[in-house]
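> One letter stands for each residue in the lines below.
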Amino acid sequence: MKHFKTLVEKECIEEIISPRGAALYLVGCGVLSVFSLLLVSNTELSLLDNAQAVYMMSSIIIAIALLIAVIRGSDGFAGERERETLETLLITPVSPAEVAIAKLMGLIFSWLVLFIISIPYLWAVGSTGQNLNSALQYLFISGTLLVVIFGGFTLAISARMRTFKGTMSIGLTAFLLSGSPILLGPSLRQSTVGRFIDLLNPFANALNMLDSVIVDSLGVLFQITPLVILISYTVAAMWILSMTTRRVEL
Amino acid sequence: MKVINVKSLKKSFSGKKVLEDTSMAVSQGDIYGFLGPNGSGKTTTLRILLGILFPDGGKVDVLKMDPSVDGELLRQRINILPESHGFYGWMRAEEYLRFFGQLYGLQLTSADSNKHLEQVGLDPADRRPIRTFSRGMKQRLGIARSLLNDPEILFLDEPTNGLDPKGRRKIHDLLLKLNREREMTVVISTHILDDVERLCNRIAILHNSKIQYEGPLFTPQIEKSIRYQFHLADDKNISYTWNFPGFSCQEKKGQWVTCEIKDIHPDKALSLLVQKGIPITEAIQVNGGLESMYLKLTAQGKE
Chain A
1 MKHFKTLVEK ECIEEIISPR GAALYLVGCG VLSVFSLLLV SNTELSLLDN
51 AQAVYMMSSI IIAIALLIAV IRGSDGFAGE RERETLETLL ITPVSPAEVA
101 IAKLMGLIFS WLVLFIISIP YLWAVGSTGQ NLNSALQYLF ISGTLLVVIF
151 GGFTLAISAR MRTFKGTMSI GLTAFLLSGS PILLGPSLRQ STVGRFIDLL
201 NPFANALNML DSVIVDSLGV LFQITPLVIL ISYTVAAMWI LSMTTRRVEL
Chain B
1 MKVINVKSLK KSFSGKKVLE DTSMAVSQGD IYGFLGPNGS GKTTTLRILL
51 GILFPDGGKV DVLKMDPSVD GELLRQRINI LPESHGFYGW MRAEEYLRFF
101 GQLYGLQLTS ADSNKHLEQV GLDPADRRPI RTFSRGMKQR LGIARSLLND
151 PEILFLDEPT NGLDPKGRRK IHDLLLKLNR EREMTVVIST HILDDVERLC
201 NRIAILHNSK IQYEGPLFTP QIEKSIRYQF HLADDKNISY TWNFPGFSCQ
251 EKKGQWVTCE IKDIHPDKAL SLLVQKGIPI TEAIQVNGGL ESMYLKLTAQ
301 GKE
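So the protein sequences, as listed, match chains A and B.
According to the numbering used here, the first sequence is numbered sequentially starting from 1.
According to the numbering used here, the second sequence is numbered sequentially starting from 1.
Heads up, some of the hints might be wrong.
Once the Cα atoms are required to be at most 27 angstroms apart in a straight line, the calculated DSS-like pairs of lysine-lysine come out as [unchecked claim]:
1. K165(A) with K16(B)
2. K59(B) with K10(B)
3. K252(B) with K268(B)
4. K138(B) with K115(B)
5. K262(B) with K296(B)
6. K252(B) with K262(B)
7. K2(A) with K64(B)
8. K2(A) with K115(B)
9. K5(A) with K115(B)
10. K177(B) with K296(B)
11. K59(B) with K2(B)
12. K138(B) with K5(A)
13. K296(B) with K17(B)
14. K210(B) with K17(B)
15. K210(B) with K296(B)
Chain B is nowhere near these chain A residues, computed Cβ spacing over 12 angstroms in every case [claimed, not checked]:
16. S18
17. R189
18. F196
19. L250
What the hints contain is simulated information worked out from the structure, not anything from laboratory work.
Note that the structure is predicted; figures quoted are calculated from it, not measured.
Backbone N, C-alpha and C fix where the C-beta goes; we use that ideal spot for every residue, glycine too.
Model the full structure from these sequences, guided by the hints.
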């Protein structure tokens with residue numbers, strides 16, 4: 001891990017400087033601006049409870065973070081392979097696992113930047129409410145875990161696949177599948193099957209956790225189950241990533 | 001001392017055999033030309049030697065290490081200029097060298113980076129991002145990167161691609177200097193036979209997944225077929241039946257004399273003629289040599 005600092009620095013700078021990275025942040029800012037403006041100015045949305053507005057914004061921030069993690073994660077190995085930069089990296093005394101961990105750190109850094117960008121938006125829609133601090137804390141925790149889960153998973157696919165597009169298709173499909181149960185009606189989600197799907201789904205777990213903290217004002221004891229599930233997925237994603245990057249061929 | 005030893009190397013991609021029973025050996029201080037048509041497996045072999053591709057069978061030994069096992073340790077002591085032109089376009093040349101230097105455990109100062117850039121003919125004052133560089137400039141930067149860790153073995157995959165004649169000559173001179181002064185072993189994979197003839201002392205020709213020839217560049221096998229035409233300054237009083245060892249002159253047309261050269265290096269033959277006072281103004285290789293041998297050995301089978 002002696003090259004770790006150098007690789008992480010490169011990944012973080014690339015996240016900000018590269019046109020791809022900067023464009024994703026700009027799109028993220030645009031989406032957050034539109035939603036926060038709607039929440040404070042739209043006649044019907046502005047009638048929402050303050051906590052509901054913060055929850056809605058937090059969900060959107062998490063969705064944007066995951067989208068960025070999936071796109072950047074897909075680009076991790078497959079994109080570098082396509083741009084022919086992976087070869088110049090692997091011909092140095094660096095192990096593919098070091099490259100993978102550095103890329104994952106780059107994704108976490110990207111999430112941190114988005115999190116910092118999103119604070120003023122959350123403040124704008126929820127500064128008068130009481131759960132803004134808890135919302136920020138749990139958004140940070142759940143967002144970080146989800147970025148590691150989805151980012152790690154797409155990085156692992158990226159290490160094995162030849163093309164960025166192919167990797168991104170799989171990553172986005174997984175992201176949409178994990179998001180789709182949320183579209184089920186409230187009665188269906190309350191059924192046994194719905195609860196089971198929610199329990200298995202890391203995205204739903206994170207949103208349920210944010211809901212119970214921000215809207216229902218429930219304490220930390222109620223968050224143990226979703227946290228354990230999220231941490232289990234995080235460990236699984238790290239394990240899959242380490243297995244797939246033991247040997248990375250061009 | 002053998003620094004690279006490959007025995008019965010095998011590699012397939014999706015069932016298609018790329019390397020089959022490939023064997024080669026490179027000694028310390030060699031400038032080794034690795035030749036073969038497109039798709040013959042040259043790049044695959046180089047990647048296996050670097051430990052970034054894993055063979056299906058056979059034995060590979062580079063600096064007494066197995067690249068599949070000790071790849072990271074080995075890559076600290078060797079380097080390659082790959083054929084692909086992958087550069088981080090947002091970096092500047094100096095940043096690029098510093099980044100790769102750090103991966104080799106080197107903390108390059110500005111002076112160090114400038115020295116490396118000047119060595120390959122790049123202007124250290126050029127602060128543009130690499131994405132604005134021409135192909136030739138990128139090639140030079142790639143060569144500078146490949147020399148960062150002062151490698152014991154330097155692999156070059158098509159090193160003079162995209163370089164102008166002046167740039168090519170500069171890289172030739174640099175490689176010869178590194179080989180002479182540091183006894184650096186150089187393995188060059190190229191299609192440009194002129195590069196091979198100018199630089200290499202040993203060659204291997206890879207075709208149909210196998211090594212078709214491996215040995216010194218100038219062996220009887222090659223020399224037998226070299227024919228030169230010499231242009232003389234004056235045709236009146238000069239005999240063309242030169243009785244020197246290694247020469248067999250067949251005909252004289254006007255001021256042009258056609259000779260076969262055997263058993264000696266063409267450069268040596270030419271200097272011998274000049275020493276004897278024969279007023280040669282031009283020498284042209286008519287046929288034979290490496291090109292004819294290469295074409296002959298790669299004529300059969302798949303392209």
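> Flag every earlier hint the structure violates by its number, smallest first.
Hints 10, 16 and 19 are the ones this structure does not satisfy, whereas the remaining hints hold.
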